[in-house]
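Can you build the whole structure from these sequences, using the hints too?
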Amino acid sequence: MMESSPIGAIEPMVRSLIEGVEKADSATKLVSAVEALAAVCQTEAIPTLVTVLRYNNPGAAVAAVDGLIALGRVTVPYLLDNIDGYNYGARAWATRVFAGIGDPAALDILLDAAKNDFALSVRRSAAKGLGNTHWEWMAKGQVTQAQQQVFEALYQVALDSEWVVRYAAIASLEAFALGNLQYEVNVSEKLMTLKETEKDTMVQTRISWALQNLQAKLTGKLDKFLDGGLPSDK
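So the sequence shown is numbered by this note's numbering: it starts at 559 and just counts up by one.
Hints are computed from structural coordinates only; laboratory data are not their basis. As the structure is a prediction and not an experimental result, all values here were calculated from the model. Treat each hint with caution, since some may be false.
The following label-pair restraints were derived from C-beta to C-beta distances [unchecked claim]:
1) Met750 - Lys587: 44 to 54 Å
2) Thr763 - Arg573: 31 to 41 Å
3) Leu717 - Glu577: 42 to 52 Å
4) Ser719 - Glu580: 16 to 26 Å
5) Trp695 - Asn674: 22 to 32 Å
6) Gln706 - Leu638: 19 to 29 Å
7) Thr751 - Trp695: 42 to 52 Å
Calculated lysine-lysine pairs in the BS3-like style (CA-CA distance at most 25 Å, straight line) [as the list claims (entries may be wrong)]:
8) Lys775 - Lys673
9) Lys673 - Lys587
10) Lys753 - Lys775
11) Lys753 - Lys673
12) Lys748 - Lys775
Yeah, the Cβ is synthetic: ideal placement off N, Cα and C, and Gly gets one too.
Right, dumping it as structure tokens:
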């Protein structure tokens with residue numbers, strides 16, 4: 559039985575789509591039903607979409623993940639309360655949802671997954687999610703410590719044994735620094751250190767690109783400062 563809606567009374571159209579998911583009698587029909595439910599982007603669909611994450615149907619799970627991410631932050635409290643701790647697949651899909659939304663409420667889950675999950679696809683997704691964090695959604699008094707945790711975790715993940723995970727960590731370090739000006743210098747220093755030891759050409763290229771983007775940002779800030787400090791021509 560599906561959980562009750564976190565919002566309240568369910569609209570007839572949404573109820574019909576939920577029933578379509580519940581009554582699907584083949585893998586193909588389930589995927590189509592979940593895609594239809596996700597497409598309406600209604601909060602009443604959250605419990606059903608979360609339940610689909612537990613099914614052994616990757617196509618349906620992908621559709622559910624996309625639907626939950628599209629719904630955004632409202633998804634997070636319900637998903638946090640209903641993670642299936644005994645179903646690895648469901649937890650892995652949930653991690654992808656958290657990564658796509660970027661709510662700091664799920665930060666601990668992403669930090670742990672990025673550093674410790676045995677599946678490279680989950681580590682990669684979690685690493686990407688850390689760079690997607692909406693810090694404005696977090697209480698100001700908690701931001702400094704949380705950002706330091708993310709910075710340290712991403713540097714650790716940038717040393718992962720799998721190149722695709724390292725690549726994701728580099729991209730997230732860049733995004734993190736561009737969104738948090740106080741970390742631009744620290745991230746640039748870490749990236750230069752990583753560039754000296756990285757063996758994979760793709761990751762090397764991504765590090766160089768990140769450094770160029772950060773340098774351009776720093777140069778732009780310096781130019782703006784100098785322009786503001788010059789005497790007026792008037």
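Do the hints match the structure? See the list:
1. Met750 - Lys587: 44 to 54 Å: 53 Å, holds
2. Thr763 - Arg573: 31 to 41 Å: The hint (31 to 41 Å, Cβ to Cβ) is violated, given that Thr763 and Arg573 are roughly 50 Å apart.
3. Leu717 - Glu577: 42 to 52 Å: Once the Cβ atoms are compared, 48 Å apart, the range 42 to 52 Å for Glu577 and Leu717 holds.
4. Ser719 - Glu580: 16 to 26 Å: Violated - the Cβ-Cβ distance for Ser719 and Glu580, about 41 Å, lies outside 16 to 26 Å.
5. Trp695 - Asn674: 22 to 32 Å: 24 Å, holds
6. Gln706 - Leu638: 19 to 29 Å: This hint holds: roughly 23 Å between Cβ atoms.
7. Thr751 - Trp695: 42 to 52 Å: 31 Å, violated
8. Lys775 - Lys673: Roughly 29 Å between the alpha carbons, so the hint for Lys775 and Lys673 is violated.
9. Lys673 - Lys587: Between Lys673 and Lys587 the Cα gap is close to 36 Å, so the pair fails against 25 Å, i.e. violated.
10. Lys753 - Lys775: At roughly 19 Å apart (the allowed maximum being 25 Å), Lys775 and Lys753 satisfy the hint.
11. Lys753 - Lys673: Satisfied, since the Cα-Cα distance of roughly 20 Å is no more than 25 Å.
12. Lys748 - Lys775: Answer holds: Lys748 to Lys775 is near 17 Å, not above 25 Å.
In summary, the structure is inconsistent with hints 2, 4, 7, 8, 9 from the numbered list given earlier, while agreeing with the others.
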